[in-house]
Amino acid sequence: MSGLNMNYLHDCTFPILLVSYKLTEFHLKYTSLLLI
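As numbered in UniProt numbering, the sequence shown has no gaps in its residue numbers, which increase by one up to the final residue, 36.
Since the hints were derived computationally from the structure, they do not count as laboratory data. Quick caveat: nothing in here was measured; it's all calculated off a predicted structure. Every residue gets a Cβ at the ideal spot worked out from N, C-alpha and C, and that includes glycine. Please note that a few of the clues may not be correct.
Unchecked claim - Pairwise CB distance ranges (calculated):
id, residue 1, residue 2, range
1, H10, Y30, 25 to 33 Å
2, N5, L33, 37 to 45 Å
3, N7, L28, 25 to 33 Å
4, N5, L35, 39 to 47 Å
5, N5, F26, 29 to 37 Å
6, T13, L35, 29 to 37 Å
To be verified - Under the rule of at most 25 Å between Cα atoms (straight-line distance), these lysine to any residue pairs were calculated in the SDA-like manner:
id, residue 1, residue 2
7, K22, D11
8, K29, V19
9, K29, L18
10, K29, I16
11, K22, N7
12, K22, L33
Build the full structure now, drawing on both the sequences and the hints.
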């Protein structure tokens, strides 16, 4: 049961981390474009 719970948490957390990483990457590119 704990294994299933960990897998469920991973499936919920991983997309959030991926989206936040992509947003940060986009933000950094956009900011660097503004600074140039």
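To see whether the hints hold, each was checked on the structure:
no. : hint                     : verdict
1   : H10 with Y30: 25 to 33 Å : 30 Å, holds
2   : N5 with L33: 37 to 45 Å  : 43 Å, holds
3   : N7 with L28: 25 to 33 Å  : 32 Å, holds
4   : N5 with L35: 39 to 47 Å  : 45 Å, holds
5   : N5 with F26: 29 to 37 Å  : 32 Å, holds
6   : T13 with L35: 29 to 37 Å : 32 Å, holds
7   : K22 with D11             : 17 Å, holds
8   : K29 with V19             : 15 Å, holds
9   : K29 with L18             : 17 Å, holds
10  : K29 with I16             : 20 Å, holds
11  : K22 with N7              : 23 Å, holds
12  : K22 with L33             : 17 Å, holds
Against the hints set out earlier in the document, no violation occurs for any number.
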